[in-house]
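Residue numbers (this note's numbering), protein chains in the order written: chain R, 98 to 341; chain U, 98 to 341; chain P, 98 to 341; chain W, 98 to 341.
Each hint should be verified, as a subset may be incorrect.
Since the list gives no way to pick one copy over another, a pair counts as held whenever it fits inside one copy or between any two copies.
The list that follows gives simulated cross-link-like pairs (lysine-lysine, PhoX-like), each with its CA atoms no further than 20 Å apart [said to hold, decoys possible]:
| id | residue 1 | residue 2 |
| --- | --- | --- |
| 1 | Lys205 | Lys181 |
| 2 | Lys215 | Lys334 |
| 3 | Lys306 | Lys319 |
| 4 | Lys235 | Lys306 |
| 5 | Lys334 | Lys235 |
| 6 | Lys215 | Lys122 |
| 7 | Lys319 | Lys181 |
| 8 | Lys235 | Lys319 |
| 9 | Lys122 | Lys111 |
| 10 | Lys205 | Lys235 |
| 11 | Lys334 | Lys205 |
| 12 | Lys334 | Lys306 |
Simulated from the structure, these hints should not be mistaken for laboratory data.
There are 4 protein chains.
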Amino acid sequence: MINVTIWNEGRHEKESESVAAVYPKGIHNCIADFLGTDEELNVRTAVLDDPDNGLPDDVLNSTDVLLWWGHMAHECVPDELVEKVYNRVMCGMGFIALHSAHFSKPFKRLMGTTCSLKWRDGDRERLWCINPSHPIAKGVPESFDIPVEEMYGERFDIPAPDETVFIGWFKGGEVFRSGNCWYRGLGKVFYFQPGHEENPTYYIPEVQKIIHNAVYWAAPEKIVGEIECPWVEAPEKHYDGPNK
Amino acid sequence: MINVTIWNEGRHEKESESVAAVYPKGIHNCIADFLGTDEELNVRTAVLDDPDNGLPDDVLNSTDVLLWWGHMAHECVPDELVEKVYNRVMCGMGFIALHSAHFSKPFKRLMGTTCSLKWRDGDRERLWCINPSHPIAKGVPESFDIPVEEMYGERFDIPAPDETVFIGWFKGGEVFRSGNCWYRGLGKVFYFQPGHEENPTYYIPEVQKIIHNAVYWAAPEKIVGEIECPWVEAPEKHYDGPNK
Amino acid sequence: MINVTIWNEGRHEKESESVAAVYPKGIHNCIADFLGTDEELNVRTAVLDDPDNGLPDDVLNSTDVLLWWGHMAHECVPDELVEKVYNRVMCGMGFIALHSAHFSKPFKRLMGTTCSLKWRDGDRERLWCINPSHPIAKGVPESFDIPVEEMYGERFDIPAPDETVFIGWFKGGEVFRSGNCWYRGLGKVFYFQPGHEENPTYYIPEVQKIIHNAVYWAAPEKIVGEIECPWVEAPEKHYDGPNK
Amino acid sequence: MINVTIWNEGRHEKESESVAAVYPKGIHNCIADFLGTDEELNVRTAVLDDPDNGLPDDVLNSTDVLLWWGHMAHECVPDELVEKVYNRVMCGMGFIALHSAHFSKPFKRLMGTTCSLKWRDGDRERLWCINPSHPIAKGVPESFDIPVEEMYGERFDIPAPDETVFIGWFKGGEVFRSGNCWYRGLGKVFYFQPGHEENPTYYIPEVQKIIHNAVYWAAPEKIVGEIECPWVEAPEKHYDGPNK
Numbered sequence: 098m099i100n101v102t103i104w105n106e107g108r109h110e111k112e113s114e115s116v117a118a119v120y121p122k123g124i125h126n127c128i129a130d131f132l133g134t135d136e137e138l139n140v141r142t143a144v145l146d147d148p149d150n151g152l153p154d155d156v157l158n159s160t161d162v163l164l165w166w167g168h169m170a171h172e173c174v175p176d177e178l179v180e181k182v183y184n185r186v187m188c189g190m191g192f193i194a195l196h197s198a199h200f201s202k203p204f205k206r207l208m209g210t211t212c213s214l215k216w217r218d219g220d221r222e223r224l225w226c227i228n229p230s231h232p233i234a235k236g237v238p239e240s241f242d243i244p245v246e247e248m249y250g251e252r253f254d255i256p257a258p259d260e261t262v263f264i265g266w267f268k269g270g271e272v273f274r275s276g277n278c279w280y281r282g283l284g285k286v287f288y289f290q291p292g293h294e295e296n297p298t299y300y301i302p303e304v305q306k307i308i309h310n311a312v313y314w315a316a317p318e319k320i321v322g323e324i325e326c327p328w329v330e331a332p333e334k335h336y337d338g339p340n341k
Numbered sequence: 098m099i100n101v102t103i104w105n106e107g108r109h110e111k112e113s114e115s116v117a118a119v120y121p122k123g124i125h126n127c128i129a130d131f132l133g134t135d136e137e138l139n140v141r142t143a144v145l146d147d148p149d150n151g152l153p154d155d156v157l158n159s160t161d162v163l164l165w166w167g168h169m170a171h172e173c174v175p176d177e178l179v180e181k182v183y184n185r186v187m188c189g190m191g192f193i194a195l196h197s198a199h200f201s202k203p204f205k206r207l208m209g210t211t212c213s214l215k216w217r218d219g220d221r222e223r224l225w226c227i228n229p230s231h232p233i234a235k236g237v238p239e240s241f242d243i244p245v246e247e248m249y250g251e252r253f254d255i256p257a258p259d260e261t262v263f264i265g266w267f268k269g270g271e272v273f274r275s276g277n278c279w280y281r282g283l284g285k286v287f288y289f290q291p292g293h294e295e296n297p298t299y300y301i302p303e304v305q306k307i308i309h310n311a312v313y314w315a316a317p318e319k320i321v322g323e324i325e326c327p328w329v330e331a332p333e334k335h336y337d338g339p340n341k
Numbered sequence: 098m099i100n101v102t103i104w105n106e107g108r109h110e111k112e113s114e115s116v117a118a119v120y121p122k123g124i125h126n127c128i129a130d131f132l133g134t135d136e137e138l139n140v141r142t143a144v145l146d147d148p149d150n151g152l153p154d155d156v157l158n159s160t161d162v163l164l165w166w167g168h169m170a171h172e173c174v175p176d177e178l179v180e181k182v183y184n185r186v187m188c189g190m191g192f193i194a195l196h197s198a199h200f201s202k203p204f205k206r207l208m209g210t211t212c213s214l215k216w217r218d219g220d221r222e223r224l225w226c227i228n229p230s231h232p233i234a235k236g237v238p239e240s241f242d243i244p245v246e247e248m249y250g251e252r253f254d255i256p257a258p259d260e261t262v263f264i265g266w267f268k269g270g271e272v273f274r275s276g277n278c279w280y281r282g283l284g285k286v287f288y289f290q291p292g293h294e295e296n297p298t299y300y301i302p303e304v305q306k307i308i309h310n311a312v313y314w315a316a317p318e319k320i321v322g323e324i325e326c327p328w329v330e331a332p333e334k335h336y337d338g339p340n341k
Numbered sequence: 098m099i100n101v102t103i104w105n106e107g108r109h110e111k112e113s114e115s116v117a118a119v120y121p122k123g124i125h126n127c128i129a130d131f132l133g134t135d136e137e138l139n140v141r142t143a144v145l146d147d148p149d150n151g152l153p154d155d156v157l158n159s160t161d162v163l164l165w166w167g168h169m170a171h172e173c174v175p176d177e178l179v180e181k182v183y184n185r186v187m188c189g190m191g192f193i194a195l196h197s198a199h200f201s202k203p204f205k206r207l208m209g210t211t212c213s214l215k216w217r218d219g220d221r222e223r224l225w226c227i228n229p230s231h232p233i234a235k236g237v238p239e240s241f242d243i244p245v246e247e248m249y250g251e252r253f254d255i256p257a258p259d260e261t262v263f264i265g266w267f268k269g270g271e272v273f274r275s276g277n278c279w280y281r282g283l284g285k286v287f288y289f290q291p292g293h294e295e296n297p298t299y300y301i302p303e304v305q306k307i308i309h310n311a312v313y314w315a316a317p318e319k320i321v322g323e324i325e326c327p328w329v330e331a332p333e334k335h336y337d338g339p340n341k
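Please build the complete structure, drawing on both the sequences and the hints.
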């Protein structure tokens with residue numbers, strides 16, 4: 098059983114009628130709906146405006162994989178919470194950053210770069226899989242179209258991914274590393290570009306498949322309690338200092 | 098001409114007679130002495146207890162490659178300065194973290210991991226070059242010994258390096274990825290493990306050669322003013338939205 | 098069910114009494130014994146001196162993961178068979194090269210480098226895990242000793258591994274990237290350094306655990322029939338050539 | 098002074114009037130013309146139908162960087178010559194594979210994968226630089242257009258590049274990793290996708306700039322005589338076998 102928490106900023110859905118029309122229960126519940134059909138996943142949701150911003154210690158400390166969607170209110174996430182999320186990734190938790198979460202505090206904290214990019218709303222995207230034997234590509238066709246999606250274009254200012262799985266093509270003329278994996282601490286991090294709040298992207302079966310696969314990929318074998326920096330005795334028994 | 102700034106915490110030298118005996122002018126000046134013989138390098142030094150912690154804006158903003166040595170006073174470096182250093186790396190500045198700077202704020206900020214490790218003072222190290230055609234290995238033998246050095250042992254909690262150049266062997270029984278390169282933003286980052294304050298490591302010719310090479314490797318072609326995240330028009334002239 | 102074939106040169110065991118004393122049924126059967134206890138694995142063995150060198154088409158074409166041990170008779174493996182092994186890796190088969198198989202024809206074919214190294218028989222090795230959350234490290238301690246093993250030392254002339262899991266420390270003074278992963282074609286490749294024919298290395302529980310884990314890691318989701326290089330129509334429906 | 102040899106198959110130019118119209122002196126001489134203006138480069142050309150296929154030992158053994166263009170006659174390159182080219186890359190020579198040389202024998206030998214891809218002639222390409230601080234990107238704009246170029250599309254079956262510098266966008270709907278770097282042996286390998294024989298791609302200033310930069314990037318510090326696999330004495334003086 099994998100404990101999955103889907104965190105959503107949840108503000109656009111409250112403030113914009115057009116967004117609410119696309120995701121009437123919020124982006125988090127749309128994702129919860131399709132992940133929730135898998136009985137191996139224990140799915141919870143949380144939003145920014147919940148108590149403790151949706152992630153009190155008991156929730157975070159029982160999460161194996163955390164999904165994160167944010168956009169207009171990145172700055173409202175307390176730095177203290179960001180450090181807690183970061184520390185849990187160090188200890189093994191998986192972290193999946195969705196779309197505009199490229200600029201979220203936890204993702205930038207984990208990358209150590211600006212995560213900037215080019216953007217333009219309202220383009221057509223075709224996602225190409227360049228790594229078909231990767232676990233996140235399981236059952237995903239070599240390419241599929243997203244009729245309307247926000248264009249995110251290179252240069253995407255990220256550390257070179259440990260694995261790039263998808264590259265996006267945009268009709269307007271750009272390309273983007275759209276699905277990328279990194280190993281950070283004992284945890285795994287996946288970034289997936291599609292998912293603008295105004296577009297019904299999370300209803301697309303291939304997108305759902307990718308996010309589902311990513312949850313399994315990011316799930317840890319175990320999560321440790323703490324990363325230490327210990328003084329250690331020499332494993333060599335007869336060690337007697339450097340000059341012998 | 099490459100503008101090099103050697104930043105040193107500089108506290109051990111003031112507080113410990115035995116350290117002062119090894120580096121009477123401070124670690125920074127020992128490094129400045131051997132780098133300064135190269136007329137292509139414009140070398141400055143700075144210490145924590147200088148005004149503005151040694152890095153007022155005009156110094157930082159005219160630095161191409163910043164070397165960083167710190168240990169006992171990591172927490173005394175203001176977060177504001179850390180952000181400035183980080184931002185300049187994003188814009189292209191090279192950053193070389195030396196020894197105990199694995200736990201310095203700027204290095205941890207750039208890595209996005211804990212940078213923890215195992216340690217024990219007073220071991221003998223042999224550095225092996227596993228990447229002999231790398232620019233930082235130029236003129237460096239396939240291995241050389243450091244008679245007494247602090248043991249740093251795996252697991253070193255860093256992102257998988259973009260390039261590993263040196264692996265350290267310790268007599269007491271450990272190994273360590275001792276010379277590692279990362280590309281972050283438009284800047285280059287090198288970490289080099291040898292250099293404990295109580296040992297005369299920075300007087301060793303091979304160590305000097307490696308640091309000298311690293312300065313050239315990390316030097317940027319140019320440093321940009323800012324990393325933006327711009328809205329852009331479609332480069333395709335006849336682009337007229339996603340549905341056409 | 099994963100179809101595992103353990104291929105062994107099998108010559109040392111026949112020609113040397115001391116080797117036969119360590120592996121009376123051959124290295125392949127020692128490995129088959131510990132893998133065979135897992136009912137999810139369908140384990141077969143093959144040796145160089147079997148008909149078709151142990152790998153007739155029907156065996157190779159029903160193998161999901163191929164383990165390879167060779168040393169004194171690398172040149173006796175026909176080039177034609179090497180191409181068949183290589184092609185099946187391209188199509189998804191896992192390939193695990195053991196110890197002196199660093200110089201086997203299939204491994205060199207897959208690496209595209211010389212795979213040379215330094216060596217000396219009869220040293221003590223300590224294996225350090227530098228990637229504890231990697232699937233191949235599951236259940237493996239952070240380090241363990243091999244009382245007597247052939248020293249393999251850097252520089253190991255391999256492409257930079259996609260993932261390095263283990264680094265070996267040798268009492269005599271060397272280090273080695275001892276457990277390395279590469280993605281090649283649709284297949285996965287793992288190299289594991291311990292396993293000299295004169296030493297009872299394959300009886301060590303940690304070594305068995307690592308090889309067992311590696312079989313699961315290398316097992317493909319599926320194996321395709323062929324890798325093509327197809328002419329394709331433009332996916333864009335209204336595409337009408339470059340000048341419009 | 099860098100010794101550059103531009104090897105071209107040179108058959109299309111002889112057999113097709115339309116190709117000869119684009120490159121009247123052959124692709125090799127077009128490239129030699131723009132590289133030859135740099136006095137630091139000692140540029141030679143060679144074609145398949147020259148004696149010794151253009152690469153007698155004295156030429157190959159005095160080449161620092163070898164450029165390779167081939168397409169219709171890959172099979173006419175003798176395996177013996179391929180091994181010589183491969184060996185020289187192992188010893189440090191740079192190798193730049195152009196366009197259809199993705200299927201050339203030396204490139205496939207160095208990659209260890211099929212190097213297959215999708216293709217279609219006659220598309221419009223836009224090259225995006227995703228690594229602007231890379232030496233090969235020096236002075237190259239963030240994107241530029243190639244009015245007519247052969248489409249090469251993913252999945253490109255290559256080992257994950259050590260560095261990806263350019264990604265191509267095609268009007269017809271595909272993407273491609275168009276400029277990739279690998280470190281192999283002591284040598285450096287660059288693959289650059291644009292350059293179909295029917296299109297005047299090598300006259301484009303940005304393309305010339307990239308190839309020029311790549312020559313400098315691939316040029317070795319030195320080229321060694323041979324890669325050995327030596328028995329070595331233990332560097333530890335008091336080493337007396339594994340059991341002490």
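For each hint, the structure was consulted:
In the homo-oligomer, the alpha carbons of Lys205 and Lys181 lie at most 20 Å apart both inside one protomer (14 Å) and across protomers (16 Å), since each shortest distance falls under that limit. In this assembly of identical chains, the alpha carbons of Lys215 and Lys334 lie at most 20 Å apart only when taken from different copies (17 Å versus 57 Å within one copy). In this homomeric assembly, Lys306 and Lys319 come within 20 Å of each other (Cα to Cα) only across copies, at 17 Å, whereas the closest approach inside a single copy is 24 Å. In this assembly of identical chains, the alpha carbons of Lys235 and Lys306 lie at most 20 Å apart only when taken from the same copy (8 Å versus 26 Å across copies).
In this assembly of identical chains, Lys334 and Lys235 lie within 20 Å of each other by CA distance neither inside one copy nor across copies; the values are 48 Å within and 27 Å between. Taking the shortest alpha-carbon separations for Lys215 and Lys122, neither the intra-copy value of 29 Å nor the inter-copy value of 42 Å comes in at or below 20 Å. Within a single copy, Lys319 and Lys181 get their C-alpha atoms as close as 17 Å, which meets the 20 Å cut-off; across copies the closest is 37 Å, which misses it. Only between protomers do Lys235 and Lys319 lie at most 20 Å apart by alpha-carbon distance; the minimum there is 10 Å, versus 23 Å within a single protomer.
For the identical chains of this complex, Lys122 and Lys111 are intra-copy neighbours only, at 10 Å inside a copy versus 62 Å across copies, given an alpha-carbon limit of 20 Å. Taking CA atoms no more than 20 Å apart as the test, Lys205 paired with Lys235 passes in neither setting, with 28 Å inside one copy and 27 Å between copies. In the homo-oligomer, the alpha carbons of Lys334 and Lys205 never lie at most 20 Å apart, since the shortest distance is 44 Å inside one protomer and 34 Å across protomers. Taking the closest pair of Cα atoms, Lys334 and Lys306 never come within 20 Å of each other, the shortest separation being 52 Å inside a single copy and 26 Å across copies.
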